[in-house]
Amino acid sequence: MAMPSSESYSILLILAKIAVVLLVLMTTVAYAVWLERKVVARIQSRWGPYLVGPHGLLQPLADGLKIFFKEDFVPSEVDRVVFWLAPFLAFSLALLSIAVIPFGESITIAGKTIRFQITDLNVGLLFVIAVTSLGVYGVALAGWSSNSKYPLLGGLRSSAQMISYELSLGLGLMGVVMITGSLSLREIVEGQHSLWNVFKQPVGFLIYFTAAVAETNRVPFDLPEGESELVGGFHTEYSSFKFAMFFMAEYANIVTVSCLATLLFFGGWLGPVFGPPVLRSLLPVVWFCLKVFCFLFVYIWIRGTLPRFRYDQLMAFGWKFLLPVGLLNVVATSLVLALSSS
Amino acid sequence: MAALFYIFGALAILAALSVVLQRTPVYSALSLIVVLCSLAVVYLLLGAEFLAVIQVIVYAGAIMVLFVLVIMLLNAHREEPTDRSRVARILGAPLLAVFLGEVLYAVWQHFPPEQTPAAPAVNAGPRAIGELLFRNYVLPFEVTSILILVAVLGAVVLAKKQL
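So the sequences go chain by chain: L and E. Numbering of the first sequence is given in my numbering, commencing with residue 1 and proceeding in unit increments. Numbering of the second sequence is given in my numbering, commencing with residue 343 and proceeding in unit increments.
FYI, nobody ran anything at the bench for these hints, they're computed from the structure. Take these hints with a grain of salt, some might be off.
Claimed, not checked - In the DSS-like style, the derived pairs of lysine-lysine whose C-alpha atoms are separated by at most 30 Å in a straight line are: (1) L:Lys149 - E:Lys502; (2) E:Lys502 - L:Lys320; (3) L:Lys149 - L:Lys66; (4) L:Lys17 - L:Lys112; (5) E:Lys502 - L:Lys17; (6) L:Lys149 - L:Lys70; (7) L:Lys320 - L:Lys200.
Sequences and hints are given; from them, build the entire structure.
Encoded structure:
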């Protein structure tokens with residue numbers, strides 16, 4: 001039998017990486033839902049899921065099984081092609097951006113150095129923003145294709161909201177890019193060895209975080225769903241598997257924006273490392289996961305404690321406050337950089 | 343790499359045809375998004391990662407979202423087939439043929455099929471593009487942005503009769 005060539009080896013390696021990352025991401029998504037139910041229950045003085053497995057730990061599995069065995073109901077007046085396309089688009093775009101997220105430095109096994117990242121793009125940050133900017137189609141098309149008034153209103157609201165807050169999201173990240181001088185996520189993390197970016201760009205971080213909550217359609221910016229006024233928003237007409245795809249996409253997006261916040265502002269995988277070489281290469285991944293977990297927790301915390309915005313408040317906040325502050329932050333950062341370099 | 347180029351080139355052309363031939367506005371808009379994304383892949387194959395990503399962000403992620411938003415606002419479903427105007431019926435196909443021939447001729451003149459041009463080794467990184475835009479072409483760039491600003495103001499004035 002011929003030895004596998006180095007090219008087929010590297011393709012195998014990439015496939016293995018994709019499989020592992022997807023598995024971890026989907027598990028994270030499932031348990032983010034469990035965590036959300038538990039934390040919100042705690043905030044509201046309830047127990048939350050408790051019956052399926054110890055502390056309800058098997059609840060995500062039970063929920064998953066239940067939702068896949070539900071009837072997949074398609075209303076008669078929908079635009080069938082787009083009605084199918086929308087959840088797939090939302091789900092695959094939500095998974096796509098994880099491809100450029102670095103989780104740690106690298107590990108050397110049997111002389112081969114393996115990086116904790118599926119692929120290192122030199123414009124990795126822009127890639128994530130591009131994929132996020134496409135994410136609006138899933139919601140908008142779902143709203144349109146359902147051919148019903150509540151989904152349409154939800155889809156319209158969410159398109160307008162996502163377009164508005166995308167600008168602030170980008171502006172919030174601009175300061176970090178200007179300080180680092182690179183769009184590669186790996187280089188941005190490497191540039192934070194002495195000091196995390198959150199201390200250099202506190203305003204940028206706040207803008208990014210606020211815009212990211214809006215971009216993922218979470219409370220207090222969850223008007224696209226707004227149960228009390230829109231029934232369920234853009235996914236009112238969806239059931240079973242297709243609804244599950246929207247649901248998973250939302251949580252995958254939360255994980256992605258948390259990863260991005262960790263990488264850009266909180267030093268990514270940087271943290272104290274010690275011990276034997278294996279531990280030295282695995283500890284950064286642990287630090288990274290811990291930081292992402294903190295962000296997930298804060299997300300849930302916000303959901304459990306804040307009321308929803310009114311729609312005009314949301315738009316006014318985005319355009320009249322967040323955007324000007326973001327622009328000012330960019331101007332101030334460039335002034336400081338220009339003065340300190342001359 | 344060449345195979346990828348042909349796949350996405352063909353996809354771009356097919357999707358472009360679909361933009362014109364679809365009867366439902368949303369399908370046309372979606373096809374246009376496919377065209378723009380295929381072009382982004384072609385840029386990527388030429389080594390212009392920055393340009394490819396910007397193409398997706400600006401065209402597919404911003405401009406086309408507005409298109410889709412407007413179509414949704416109008417709630418336009420299937421378009422009613424109208425009887426084409428007489429001018430279009432008589433002159434449409436010949437004009438199309440002439441225009442297509444012109445484009446093909448120009449391409450043929452510039453790149454004769456014997457000597458396939460190698461992919462130019464351009465530096466299309468963010469720094470290079472930034473220097474070109476803000477140093478060499480700063481005046482056209484600023485004039486364009488003023489033009490866009492004027493267009494935006496015009497749209498606002500037209501939409502809001504009394505300010």
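Evaluated hints:
A hinted pair counts as satisfied when its Cα atoms are at most 30 Å apart, and lysine 149 of chain L with lysine 502 of chain E qualifies at roughly 27 Å. Between lysine 502 of chain E and lysine 320 of chain L, the direct Cα distance comes to roughly 19 Å. Compliance with the 30 Å bound is thereby established for this hinted pair. Among the hinted pairs, lysine 149 of chain L with lysine 66 of chain L is consistent with the structure: their alpha-carbon atoms are about 28 Å apart, no more than 30 Å. For the given pair, lysine 17 of chain L sits about 14 Å from lysine 112 of chain L by alpha-carbon distance, which is consistent with the 30 Å threshold.
At roughly 54 Å between alpha-carbon atoms, lysine 502 of chain E and lysine 17 of chain L are farther apart than 30 Å, so this suggested pair is violated. Between lysine 149 of chain L and lysine 70 of chain L, the direct Cα distance comes to roughly 24 Å. Compliance with the 30 Å bound is thereby established for this hinted pair. The hinted pair formed by lysine 320 of chain L and lysine 200 of chain L meets the criterion: a straight-line CA distance of about 24 Å does not exceed 30 Å.
Checked against the numbered hints listed earlier, the structure breaks hint 5 alone; every other hint is satisfied.
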